[in-house]
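If you're matching them up, the sequences are chains R and G in order. Position 69, counted from 1, in the first sequence is what my numbering calls 186; the numbers after and before it change by one each time, with no gaps. Position 138, counted from 1, in the second sequence is what my numbering calls 119; the numbers after and before it change by one each time, with no gaps.
Please note that the accuracy of each hint is not assured.
Stated by the list, open to error - Cut-off 25 Å, straight-line C-alpha distance, at most; resulting in silico cross-link-like pairs (PhoX-like, lysine-lysine):
| id | chain 1 | residue 1 | chain 2 | residue 2 |
| --- | --- | --- | --- | --- |
| 1 | G | K129 | G | K174 |
| 2 | G | K129 | R | K154 |
| 3 | G | K13 | R | K154 |
| 4 | G | K69 | G | K164 |
| 5 | G | K(-17) | R | K263 |
| 6 | G | K69 | G | K5 |
| 7 | G | K(-13) | R | K151 |
| 8 | R | K248 | G | K69 |
| 9 | G | K132 | R | K151 |
| 10 | G | K13 | R | K151 |
| 11 | G | K5 | G | K71 |
| 12 | R | K263 | G | K(-13) |
| 13 | G | K132 | G | K164 |
| 14 | R | K154 | G | K5 |
| 15 | R | K151 | G | K69 |
| 16 | G | K14 | G | K71 |
Keep in mind the hints are simulated off the structure, nothing from the lab.
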Amino acid sequence: MFDQAELNRLYRFCYSLVVNETAAYDLLQNSLEKFLKSDKNKENNLGFMYQVIRHQFIDDYRKQSKQHTIPFEEQDYIDFDVKTLESISINEDLTQQILEYLDPLEREILFYWAVEGYTTQQIAEMLAMPKGTVLSKIYRMRQRIKQQFNDPQDQASLHNEAHKK
Amino acid sequence: MKQSLKHSVQQHLNKKSLSSQQLKQLLLRQEKKYRLRKSYLPWFKIVSVAPFLMVSVVLSVYFSNSVFFSTQTLGQRIAEEVANNHLKLKPLEVNSNTLEGIIPYFDQLDFSPLSPSFFTLSKQNLLGARYCSIQGVTALQLRMMDYKTDKIQTLYETEYDKKVFMGFPKTAEEGKPLTIYVKGMKVDMWVEKGILFALIESL
C-alpha cells in the first residue's frame, strides 16, 4: 500500500505528464486501480507504479495528442547530459508555461531529473530507451526551452552553440 | 526572478499535492482492496483447488468401487469354485483324522498346511484330504463331518499369492472371514499366516 507521501509523489509524476490537476488525479486513480487489480506484490512497488502510470497515460492521452516526431538525425547520440539542462535559468513565473510547452516525454524526463534526481542512465532505464536517444531528447528540449523562453542574449549563445555543432 | 530550471521545476511540482479528500479516497480504495483480498484469499484457494479435489474424489470412488467390485468377483469366483468342488465329493486321496497324518502325503504343495485358528480341526470330525486347485493355484482340501448336524464341511487351503488373489479384502487378509453364500451354502474365506483358507458348509 502506498502511504500519503508516496501518493503525493505519484501525483506529481502524473501532473508532470498531463499538466493539469484534475487530469493528474484521474490518471493516478485509474493507474492505482490497475495496480491493485494486478495483484502483484512487487519489491519495488513505487517503480512498478511509475510504469503503470506511464502506460495508462500512453493509453489515455498520447494516442489522442499529436505525436511529436523527431528528425532522424537528432536520434543520433549527442554528447549532452541532463546536467546541460542545469545551465538554463528561467523566470520563475514561466515554469508552468514551460511545462505546458514541452511534450509529455520531455516533461517526464524533466520530472525524473528535477524531482527524482535521476541520472541520464536511470532515466533511460525508466523510459526503456537507449541512453543516446534520451540524450538527444534532452539536447532538443534545452534548445526548445532556450528558444522559446530565454532572453535575446541567451538566444545568441544558443545560436553560436548550434553553429559549432 | 530568475532561477535554474531544475530548481524552478522542482519547486513548482512540489507545490502540487493531493487534497485531503483525494488522499483519503485513495487510501480507502487501497485498504478496501487489501481487505477484500485477505477475505477472499482462502475462498480463492478453495475454489482453485476444488477441481483437483473433485477429480480426486471421483477417481478414489471409482477405484474403490472397482476394487470392491473385483474383490466381490474374486470372492464370488472362489466361493463358486469351492462350492462346486464341495458338491462333487471327489474321492479322498488320503484318509487320516489328524493333520500330522495328512501332511506327509502332500509333498507337492508349495506351502505347509496349517490348522487355522478360526476353525478347530478335531480328531472326531476330520475324514481325510485330497489335492485340488483354487483359481489355478494348487490347493489342499480337508473333508470333515459335523456329527452334530450330519453335514460335511470342506476346508480349502492354498498359498496366498497376492498376484493371483489381488483385491482380496483387507479384512480377510487380516484373518477376518469374508462370508459369501452360494448355492445354499456358506463359504467363509480368510487369510492366515500366508495361507488362504476357504471353509464351506451346507446350511
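Results for each hint:
Distance check on the hinted pair: K129 (chain G) and K174 (chain G) sit about 30 Å apart at the alpha-carbon level, beyond 25 Å; violated. The suggested pairing of K129 (chain G) with K154 (chain R) is violated, with an alpha-carbon distance near 84 Å, which exceeds 25 Å. Between the alpha carbons of K13 (chain G) and K154 (chain R) the distance comes to roughly 12 Å, so the proposed pair stays at or under 25 Å and holds. Restraint check for K69 (chain G) and K164 (chain G): satisfied, since their Cα atoms lie roughly 13 Å apart, inside the 25 Å limit.
Under the criterion of a C-alpha separation no larger than 25 Å, the hint pairing K(-17) (chain G) with K263 (chain R) is consistent with the structure, at around 13 Å. For the given pair, K69 (chain G) sits about 94 Å from K5 (chain G) by alpha-carbon distance, which is inconsistent with the 25 Å threshold. A hinted pair counts as satisfied when its Cα atoms are at most 25 Å apart, and K(-13) (chain G) with K151 (chain R) does not qualify at roughly 31 Å. Distance restraint check for K248 (chain R) and K69 (chain G): the Cα-Cα separation of roughly 100 Å exceeds the 25 Å cut-off, and the hinted pair is therefore not satisfied.
The hinted pair formed by K132 (chain G) and K151 (chain R) fails the criterion: a straight-line CA distance of about 86 Å is larger than 25 Å. Only pairs whose Cα atoms come within 25 Å are accepted, and K13 (chain G) paired with K151 (chain R) is accepted, the gap being roughly 14 Å. Proposed proximity of K5 (chain G) and K71 (chain G) is contradicted: the alpha carbons are some 97 Å apart, above 25 Å. Our distance criterion of 25 Å between C-alpha atoms is met by K263 (chain R) and K(-13) (chain G), whose separation comes to about 14 Å.
Taken as a hint, the K132 (chain G) and K164 (chain G) pair is honoured in the structure, with Cα atoms around 15 Å apart against an allowance of 25 Å. The straight-line distance between the Cα atoms of K154 (chain R) and K5 (chain G) is roughly 19 Å, inside the 25 Å bound, and the hint therefore holds. The straight-line distance between the Cα atoms of K151 (chain R) and K69 (chain G) is roughly 84 Å, outside the 25 Å bound, and the hint therefore fails. Using a Cα cut-off of 25 Å, the hinted pair K14 (chain G) and K71 (chain G) is violated, with the two alpha carbons roughly 83 Å apart.
The structure fails hints 1, 2, 6, 7, 8, 9, 11, 15, 16 (numbered hints given earlier, in ascending order).
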